[in-house]
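A.B. asks: In this text, residue positions in the sequence shown follow this note's numbering: the first is 21, and each later residue adds one.
Worth flagging that the hints you see were computed from the coordinates, not collected in a lab.
Everything numeric in this text was worked out from a predicted model, so none of it was measured.
Ideal Cβ placement from N, Cα and C applies to all residues, glycine included.
Among the hints, erroneous ones may be present.
[As the list claims (entries may be wrong)] Derived EDC-like pairs: lysine to aspartate or glutamate, alpha-carbon spacing no greater than 20 Å straight-line:
hint, residue 1, residue 2
1, Lys125, Glu263
2, Lys63, Glu74
3, Lys29, Glu109
4, Lys166, Glu118
5, Lys29, Asp100
6, Lys268, Asp257
7, Lys47, Asp96
8, Lys63, Asp35
[To be verified] Ranges of calculated distance between the beta carbons of each label pair, as one might list FRET restraints:
hint, residue 1, residue 2, range
9, Lys268, Glu228, 14 to 24 Å
10, Asp165, Arg55, 16 to 26 Å
11, Phe72, Lys47, 18 to 28 Å
12, Lys47, Asp234, 28 to 38 Å
13, Gln260, Arg147, 25 to 35 Å
14, Ser259, Glu228, 14 to 24 Å
15, Arg252, Thr25, 49 to 59 Å
16, Ile289, Asp68, 38 to 48 Å
17, Thr236, Asp257, 31 to 41 Å
18, Lys81, Glu118, 28 to 38 Å
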Amino acid sequence: MSETTILNKRYQLQDQLGSGGMAVVYKARDLMLERTVAIKVLKKDFSDDPAFRERFRQEAKAAANLTHPNIVTVHDFGLDEGHIFIVMEHVPGVTLKELIQKLRKFTPQASTHLIIQACAGIGYAHRAGLVHCDVKPQNMLVTPDKRLKVTDFGIARALASIHPHEHSDIVWGSPQYFAPEQAAGSPPSPASDVYSLGVVLYEMLTGETPFKADNTAELARLHRDVIPQSPRQLNADISQQFENIILKVLAKEPSARYRTADQLGRILITFGSESTSAAESDKEITKPDSTQLEGQRAQPNKTETNQKADQNPLDIDWGSILLGLLALLSVGGLVPFWLWVYYAITP
Numbered sequence: 021m022s023e024t025t026i027l028n029k030r031y032q033l034q035d036q037l038g039s040g041g042m043a044v045v046y047k048a049r050d051l052m053l054e055r056t057v058a059i060k061v062l063k064k065d066f067s068d069d070p071a072f073r074e075r076f077r078q079e080a081k082a083a084a085n086l087t088h089p090n091i092v093t094v095h096d097f098g099l100d101e102g103h104i105f106i107v108m109e110h111v112p113g114v115t116l117k118e119l120i121q122k123l124r125k126f127t128p129q130a131s132t133h134l135i136i137q138a139c140a141g142i143g144y145a146h147r148a149g150l151v152h153c154d155v156k157p158q159n160m161l162v163t164p165d166k167r168l169k170v171t172d173f174g175i176a177r178a179l180a181s182i183h184p185h186e187h188s189d190i191v192w193g194s195p196q197y198f199a200p201e202q203a204a205g206s207p208p209s210p211a212s213d214v215y216s217l218g219v220v221l222y223e224m225l226t227g228e229t230p231f232k233a234d235n236t237a238e239l240a241r242l243h244r245d246v247i248p249q250s251p252r253q254l255n256a257d258i259s260q261q262f263e264n265i266i267l268k269v270l271a272k273e274p275s276a277r278y279r280t281a282d283q284l285g286r287i288l289i290t291f292g293s294e295s296t297s298a299a300e301s302d303k304e305i306t307k308p309d310s311t312q313l314e315g316q317r318a319q320p321n322k323t324e325t326n327q328k329a330d331q332n333p334l335d336i337d338w339g340s341i342l343l344g345l346l347a348l349l350s351v352g353g354l355v356p357f358w359l360w361v362y363y364a365i366t367p
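Full structure from sequences and hints, please.
C.D. replies: Structure, rendered in structure tokens:
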């Protein structure tokens, strides 16, 4: 598709921002509202499938109902010359994946700051009855002021439409980040998104995902059956308490994890607060006590005391004595004057 194309006589495509196996994302101009937007245009193979078009329309409609500071807003949805497209808020910045590749490893504080925001957005979707299904750092945008927004709810499905005993050969999500139950073809749940958030957190802290394999089938097996390597072995800055949280999130059974992204977010907020308090306590331990400082102020400086002791008590301050004599003479010189005045006015 040409970057000069105008979709539905309203959206003028400008620069290509990225592409994947399913769609191409463009920076575009909304000619009606005169604002910059991002537009995801589905590839022709998907747009030609009527069943897929209807499913995608429903998912786009559900995503458009999500309004949250940590979710990329969906503005519009349309079909033009056989191409399905979805119009979204344009977010300046980079993907979290790009940041991981650049920084290699995040500090525990920096990683929790961003993941807490991801939990807030995804948790809001969970309360609205939606599962993201494809949580990964490529679907998280980070602005220059470190605000994170989750994007691409295009494959999200309403929980109400998922039958409890549904089982499918279709695997939802990206193989490096999907949950064991997704790998097995079972329907995703909020706990599935929580697992994927755990994989993202693990990657931020260690610079690598918990499992690596050359094919999807092997990755699926690893997610289902293998316990990930201790993240503390890859990053010594991770505390034991923090590792316990990460490993709980990466539990194989959904019931063993935190149930929703909101719950994980609350745990991380509490952990961050306790870590900050502990750091401040360590500083207080090394800081002099106020009573000690008062005592130090009350006690004379040893050097000053020694200097005073070294002074000769017979040393005379001649300057002060001279000033005193001058004052005495000045006062004494006035006595005859006042006597003359007295006798002059007294008969």
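A.B. asks: Give me the numbers of the hints this structure contradicts, sorted from smallest to largest.
C.D. replies: none
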